[in-house]
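Top line first, the protein sequences correspond to chains P, W and S.
Residue numbering for the first sequence follows the numbering used here, beginning at 1 and increasing consecutively.
Residue numbering for the second sequence follows the numbering used here, beginning at 1 and increasing consecutively.
Residue numbering for the third sequence follows the numbering used here, beginning at 1 and increasing consecutively.
Watch out, some of these pointers could steer you wrong.
[Stated by the list, open to error] Subject to a maximum C-alpha distance of 27 Å in a straight line, what follows is the list of computed DSSO-like cross-link-like pairs (lysine-lysine):
1. S:K566 x W:K14
2. S:K402 x S:K110
3. W:K14 x S:K188
4. W:K109 x S:K309
5. W:K109 x S:K202
6. W:K14 x S:K301
7. P:K284 x P:K78
8. W:K149 x S:K188
In case anyone wonders, no lab produced these hints; they're calculated from the structure.
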Amino acid sequence: MRINRHLFISWVLLILLLSSCRPKSEDKDITVLNVMTHDSFAVSENIIQLFERENNAQVKFLLSGDTGAALNRAILTKNSPQADVFYGVDNTFLSRALSEGIFEPYASNLINELSEDLLLDPSQRLLPADYGDVCINYDRAYFSAHSLALPVSLQDLTLPQYRGLLVVENPATSSPGLAFLMATIAEFGSDGFINFWKELRANGLVVVNDWESAYYSNFSASSGKGSQPMVVSYSSSPAAEVIFADPPVDDAPTASLMGKNMCFRQVEFVGILAGTKQRDLAEKFVDFVLSVPFQEDIPLQMFVYPANKNAKLPKEFSQYAQTAKQPATLDPQLIADYRDAWIEEWTAAVLR
Amino acid sequence: MLTVENIEKMYEGKPLLRGISFELKQGETICLLGRSGSGKSTLLRIIVGIELPDSGRILWAGKDMANVPIHERNFGLMFQDYALFPHKNVFNNVAFGLRMIGVPADQVKKRVEIELDKVGMLNFSRRRVTELSGGEQQRVALARALVPKPRLLLLDEPLGALDKTLRGQLLQDIHTLLLETGIPAIYVTHDQEEAFRIADRLLILRDGEIVQSGAPQSIYRDPKDTWVAKFLGLNNILPARIVRFNPLTVETDIGELEIEPFREIQYKIGQEVDLLIRPDALIINQAGNNQISGKVKDVFFLGEGYHVIVKLNSTTLEFDLAQELKIGDAIQGSLDANSVSIL
Amino acid sequence: MDCGGVEITMLSEDKKPVQALQFNIRLLFWLVPVAFFALFYVLPIGSILEHIVADPGSIGKLQSVWPKIWSPLKFTVWQAVLSTLITMLIGVPAAFVFARFRFPGKGLMKILTTIPFIMPTVVVAAGFSSLIGPQGWLNVLLMNLMGLQHPPLQILNTIYAIVLAHVFYNTTVFIRVLGGAWSQLDPKMEYAARSLGASAIKVFKEITLPLLRPAFFSALLLVFLFDFTSFAVILLLGGPGFATLEVEIYTQALHLLNLPMAGLLSFVQLMFTLMLTVGYSRLNQRKSLALQPRDPIEVEKPAVNLAEKMLLWGVNLVLLLLLISPLISLAIRSILAPANNAGVGRLSLRYYTALFVNQRSSLFYVPPVEAIINSLWIGFLTITFTLLVGFFAAKTLSRRTKASRLFDILLMLPLGTSAVTLGLGFLLVFNRPPLIAGHSFVLIPLAHSLVALPFVVRILQPAIESIPDIYTQSAAILGASPWQVWRQIELPLLARSFLSGGIFAFTISIGEFGATTFLSTPDLPTIPVAIYRYLSQPGALNYGQAMAMATILMVVCALAIMVVEKLRLPGISDF
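In isolation and in its complexed conformation, chain P is listed as follows:
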């Protein structure tokens, strides 16, 4: 019996102890702004504090899975919105998100500071916040050791010397995978892309479901030491390889293939969720996101590029990361209309 009492008491104590480690309840006078986003979202603490101090507000982030999961959440809860601002709809989801009617238009004064080619929503409900290029990264050591020339176009990848050297992600389950599929559609058209993929398949293409597996298990230049020296990743990944190198390195072990239409430009948007009760603060936050301090914080936090033309890039980016000169792009409406059909076609041709 004594044992049980001890157990009970220690249980209660443990719970009390753990409760005391919980964060303190928030101050009631401060307005809270809820921002819904995907779980790859990141930002520096001091940048957000800047906004919070300025507006006497507290920003709370709701990270809900990947982009699709987060967007789904916004759609499912549109009748009683859980947040005021949504960050991270990308151009593959753009039309779909707009057609769900979950965003309110906001013509920010900062629009003219943003790159024009990123302004994909004329209704100004979703404003571009960042962009990145999904490109093929290659293992520099492998190519030089095998004195192998780099492929300069997508079509080159079907050449026999690159047999079995490329790993891509499944577009049905991975967002860089989908982006790369879009690049091939931009290059070969919606009639021709399947043939290209069939050739790739015949040339020993490796497909995995997610970026983590592709990069860390299959890619030969990552810590996983896989078998493929080419992987679909981001044009900023080489910079990350330098920043997170261990031991430190002077030069990136990887680089991106930048041929025409070899990269697909992914743009991420920010927008005010319809039905927000704090329209003013939400507008201020969107402005803040588009402003230079936040925009300059983006590269080293999320490894994508700022949408604001005035934002300066950190030196690791200017040194090791490039943006594609001729990125592939597709009309968001076209993507919204054919996305499912393309993925199905792709699945039938590449996986079955």
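Here the structure of chain P is known, so what remains is to put chains W and S in place on it, guided by the hints.
For chains W and S alone, coordinates are given in the frame of chain P:
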């Protein structure tokens, strides 16, 4: 038939069995008698083959059983809590052993029914064992153990969980069945009464050692030491001093007593010894040697007689008597020299 | 035993008010689990299905999609059957060895075999690939030994990898559920059968198996449901060539935003689970016989003969290879810095020290200690909720009425329900105060409890049924109130079951569970969340930190289980 040879067993660094050796003859029933923790159940498990000894051998008809698995030994086994199979009915419990050795179904039926009839459980054959009373379960367990005609029956406190009357009755049944079938048996118990009634030979275990063995009556008459005597329920033990030989006479608190010795042991005059007086020693109102007198302190009616606590000088002794006495009665009589012994 | 009323009835002259009281208490016992289940399962799932049905035109769209359902359904069932069978082949001997033998290192092995259950699949995939990947240690070793040009083991992205991972994850279910029951089975039953001429195999078939049937089927069903709803394993280790219903639901819901299709797939999945649990409940109607808490000394013994020794060491070797070596390879990865210029790897703790530095001063940086506290906190809340609801549920179910059997079936459903659907359902239902998905942290342990509940009920119910009525009755006759009966009699007798149920709830909570993605609150990140954060970006340091964090997860979990297991010891010495 069964030879147990120098069995040693340690458990967690402590000796559990030490140098156990004995033999069991055809038709003989040996009782392993000891308190709980004396190692008797472990010894049984070693004989069955559930556990292996650290050293020593178990032989059957001269053949070492070390490499014979349990199911090929053909030793029957019965537990205190019966270990009936709860998912099988009475019939299937009893039939289990026969089916395992591949007896044809019609014969199984016949033999099971005969066996169930012997233990008086024939009418229960379709019942679930979980619905039976303790005594009924025990009968089923007995039938189950006997029906494959084992060459040796091992019983581990088989009646421990039953009440006294049932125990007596079942003990008798077991005894009869053992006599009828001639199956040699090892019966483990902590109850000396049970042991006396069923055993041809007793082995008394204490801390993993056999302290005394022999026929029940000879052990009862001449327990080896105070521990054995007390363990057998013989509580009339008093200090004494040898005063002369021929006849051997000792001096005690209740007077001088003459003794008929069982053993040829050399005592010295003046030697201090423990004297055991068995409860049947007192014959009241009889003249003769070893006269004692005292007062009745308490009386228990036992049915066939009385258990009387008698105060003699500063000593209290217990006797079994046929006569009715009352508390406070003065009592006087003689002690049978054959029922008094030196430990 | 009764739910508190009967004890009084026995003493009371006037029966009427007492019966009313009894009724109320029984109702309360029903109410807690039913309310919990209705609120946190039926409501979310119901509303998500309703949402989909309410969408005009969605039904029409669905008519042409049967082939799209049939093919993943076939594969889901096939891989689940295969995985379950192979897990069983390893799990049953393992359960036997853990239940019946005493051997050095047993306690440690028991904890280590539980660890896989809690490991996030991303790191497990990394562990597997560093062992059996094309450049994995095992392949490199084999290539060197046999002078091969190509790696001999090519099982990543095959059905073998899926089965291997399922075995890795679920063997512990057999060890805990079946082994737990096995250790409570009277060994004398087996000795009696052996002495009656049954060989070891026949004893297993005729005695052990029938008596352990309920526990066996429980373990089998639980493992099957885990395999059936397997998601991350299929996605990460099976690769794109394989799609289960769960993977399809995920793809449809979150990548194609095709909710009606996802809903239909979830519905099919749910119906299959329902069919399965109904079948299971038919098989398992009888009360578990002959299981009594037993002193380990009575049940466990050292392996004596060669066959037993071979079994003991064989099982441990297999467990070591399949369950523990991937864990060890993760731990090694976490302390192995990459080769320097001389090409030699060296040991270092720098990934661990790096964990404590917010390198990019990120708002979402997760200090490891905080992640551990959050994980533990959620784990302890899950234990508390699950045991509370589980006790009431088990108590109710032990009455074995028709209604309770139905409820028993329903309780199993969360295990066979798509985590994505459940998560979306939570989003739909809990969107205003007091409970808001993503804000209300308490929803996470509640969702975990939903999954842990079937386990805990399965552990508690037989224990409750095995308490003889006479104990509680005699306590009541001695004047104990129903509360005192519970405190003085039932609780101590159930202590061991509570503890093993608690361990299960804890492991389910600590390991990631899909629906939690939708519920996670960014200000309270857990260890798995931290691991994901690191692995979502390139760079050796990120990879190393993820491995270090995974190793911390293992150690924290092992310690927590060890503490809970230690608590058991004094509690059970009394019976």
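### Task
With a cut-off of 27 Å on the C-alpha distance, tell me whether W:K109 and S:K202 pass.
21 Å, holds
### Query
Going straight from one Cα to the other, do W:K149 and S:K188 come out at no more than 27 Å?
Judged against 27 Å, a Cα distance of about 20 Å means the pair holds.
### Message
Check whether the Cα positions of P:K284 and P:K78 lie no farther apart than 27 Å.
### Response
Holds. P:K284 to P:K78 sits at ~22 Å (cutoff 27 Å).
### Query
Would the pair S:K566 and W:K14 pass a check requiring their Cα atoms to be no farther apart than 27 Å?
25 Å, holds
### Task
Mind checking the alpha carbons of W:K14 and S:K301 for me, to see if they're no more than 27 Å apart?
Status holds; Cα separation ~16 Å.
### Message
Between the alpha carbons of W:K109 and S:K309, is the straight-line distance 27 Å or under?
### Response
39 Å, violated
#### Entry: W:K14 paired with S:K188 [C-alpha distance capped at 27 Å]
Holds - the C-alpha atoms of S:K188 and W:K14 are around 24 Å apart, at most 27 Å.
#### Entry: Holds or violated: S:K402 to S:K110, with C-alpha atoms at most 27 Å apart
Roughly 37 Å between the alpha carbons, so the hint for S:K402 and S:K110 is violated.
Figure legend: structure checked against the earlier numbered hints; hints not met, in rising order: 2 and 4.
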